[in-house]
Amino acid sequence: MTNLDILRPAAEAGNIEDLYTVIEKVPSILREIDLEQFVETPLHIAAFNGHLPFAIEVMNLKPSLAFKLNKQGFSPIHLAMQKKEKTMVLCFVDMNKDLVRVKGKEGLTPLHYASQIGEVDLLAYFLNACPESIEYLTVRCETALHIAINNAQFDALKVLVGWLEKNYRIGAIDMENKILNQKDVAGNTILHISASTSDQHEAVRLLVNTKINLKTKNFEDKTALDVATTESKKILCSAGAKSGTEVIDAHTPAYKLSSETTIIDKLSIYMLRISRNIKDEQRNTMLIVAALVVTATYQSVLSPPGGVYQVNASDKNLNITSSNSTISTLGNAGKSVMSEVDFFRFSFWNIVSFLISIAVIIILTPTGKEGSPMYVPVTWFTLSYLYSMRVISPTYTHFNSVFVQIFFDLIVFSSIIFSIIAGYFSFQKWIKAKKLRRSVLRHRNIAETTTMVVVKDLENMDSQI
Numbered sequence: 010m011t012n013l014d015i016l017r018p019a020a021e022a023g024n025i026e027d028l029y030t031v032i033e034k035v036p037s038i039l040r041e042i043d044l045e046q047f048v049e050t051p052l053h054i055a056a057f058n059g060h061l062p063f064a065i066e067v068m069n070l071k072p073s074l075a076f077k078l079n080k081q082g083f084s085p086i087h088l089a090m091q092k093k094e095k096t097m098v099l100c101f102v103d104m105n106k107d108l109v110r111v112k113g114k115e116g117l118t119p120l121h122y123a124s125q126i127g128e129v130d131l132l133a134y135f136l137n138a139c140p141e142s143i144e145y146l147t148v149r150c151e152t153a154l155h156i157a158i159n160n161a162q163f164d165a166l167k168v169l170v171g172w173l174e175k176n177y178r179i180g181a182i183d184m185e186n187k188i189l190n191q192k193d194v195a196g197n198t199i200l201h202i203s204a205s206t207s208d209q210h211e212a213v214r215l216l217v218n219t220k221i222n223l224k225t226k227n228f229e230d231k232t233a234l235d236v237a238t239t240e241s242k243k244i245l246c247s248a249g250a251k252s253g254t255e256v257i258d259a260h261t262p263a264y265k266l267s268s269e270t271t272i273i274d275k276l277s278i279y280m281l282r283i284s285r286n287i288k289d290e291q292r293n294t295m296l297i298v299a300a301l302v303v304t305a306t307y308q309s310v311l312s313p314p315g316g317v318y319q320v321n322a323s324d325k326n327l328n329i330t331s332s333n334s335t336i337s338t339l340g341n342a343g344k345s346v347m348s349e350v351d352f353f354r355f356s357f358w359n360i361v362s363f364l365i366s367i368a369v370i371i372i373l374t375p376t377g378k379e380g381s382p383m384y385v386p387v388t389w390f391t392l393s394y395l396y397s398m399r400v401i402s403p404t405y406t407h408f409n410s411v412f413v414q415i416f417f418d419l420i421v422f423s424s425i426i427f428s429i430i431a432g433y434f435s436f437q438k439w440i441k442a443k444k445l446r447r448s449v450l451r452h453r454n455i456a457e458t459t460t461m462v463v464v465k466d467l468e469n470m471d472s473q474i
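Take the numbering used here: the last position of the sequence shown gets the number 474, and nothing is skipped along the way.
Source of the hints: derived by calculation from the structure; they are not laboratory data. Hints are not guaranteed to be accurate.
List of simulated lysine-lysine pairs, PhoX-like, C-alpha gap at most 25 Å [as the list claims (entries may be wrong)]:
1) LYS80 / LYS92
2) LYS243 / LYS224
3) LYS288 / LYS231
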C-alpha cells in the first residue's frame, strides 16, 4: 500500500481528523509524497471533491503540494477550476499568489484556463494578484488573449485588453506592446486569428483601437488583412491596415549586426557605452556636479559681473547698477556694463561650461522612452539661456556686433541640431534593441516549441516500441 492509498480515504471524505491520525502513524508521509515528481496528492483529491477545509489544512502543512502535477498534468488549482470550485480557487490564490502561474498540461496556467472558459471574475482577480502571469505562454506560444479568441470568449478578451491598457506598473508600456503583438507557433497575432474568424468582428473592432501592429506578418508573410473575412477587412481597412505585399519586411537581426557601421552610429554607440559603463554612484555624482554648473552659469547670466543698466522709475532714465559710477543711456537697458572684450571672454567660457554640462546631463540620462521626454525641456532651457545671454550682451556699432550675433546664432543652431540628433538616435537605438530582443525571443520560443514536439514524438515512439 502506497502513502497515497493510506491518505486517500481521509482526502476523499475531507476528514481532517483522519488526516492527523495517519500523520501520527507516519509523520513523514506528506514529505514522502512530495518527493515524487508526478503524483496525485491528497490536495488533488480534496480539490477534485470540493473539500475546502481539508485542502487548506493540507496546504498549511505542506505548501509545496499545491505546485505538484498529477500524471494527467494538472495541479490542485487546475482541478478546482475544472470542478468550478470558485471559492476554493480564490482561497488557493490568497494563500499563494504564485499558483496563478503554475503551468499544467500544454503549458496552461490557471489564468489561461480562466480565459478559456470565460470566467471573467477569476480572470480579473488573477491579474491583480499576479500581474506577471499574463506574460506566460503555452507550448504553442499562445497568450491568454490568444486562448480567449480561439474559444470565442469576447468578454474575457475585453477584460485582458482593458487590464493591459489600465496597467500602470513599472514596464507596463513594454508589457502591453509585447502581449498584444505576441505571435503563436504559426506567427499569428491575436489580430490574425480574430480577423480570419467569421464571428469575431467585435474582437477585431476592439483590437484595432489598441497598440497592436496592423502590419505584422505571420510566418506565411501574410498580414491580418490578407487572412481577414469580408466584414473584418472593412474594419481593418478603415483602421489603416495593409496587405503583406504593401508592407516592407524589416531587416533581420543578422543583417543589422553585419551591416556597415556609420560614423553617426559609432558616435552614438560610443556615447551609450560611456553612459552604461558608469556606475550608479558615479552617475549620481556627475549629475549633481553638472546640475550645479548649469545653475551657476545660468545665474551668472541673470546677474553678470558688474551688473546691468537699469531703469530709474522716477525720471524714466536708465542707470548702471555699479559700485563706481552711474550712466544714463536709454539704448543700454538690460545690457551688461562690461567692455566688449571682457564680455566676450566671460560669455565664451560661460557658454562652453554650460553646454558641456548640458551634454553630460544628456549622456547620463536613460535612453529610450524613459529618457526621450527630457530632451524637450533641456533644449528649451538651453535656448532660454542663450537668448538671455544675447539680451544682456552690450550693444555694439561696429564689426564686433556682427561677430557676436553670428557667434550666438551658431551656438543656438548647434544646440538645436545636437538635441534633435541625440534624441533621434537615442530613440532609434531603443527601437532597434527592442526589435532585436523581440526577434530573438520569437525564434527562441519557436525552437523551444519544436524541441517539445520532437521530445513528445520520441516518447510516443518509445511507448510503441
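How the hints compare with the structure:
1. Taking the CA atoms of LYS80 and LYS92, the gap is about 18 Å. The hint holds against a cut of 25 Å.
2. Restraint check for LYS243 and LYS224: satisfied, since their Cα atoms lie roughly 15 Å apart, inside the 25 Å limit.
3. With a CA separation close to 46 Å, the supplied pair LYS288 and LYS231 exceeds the 25 Å bound.
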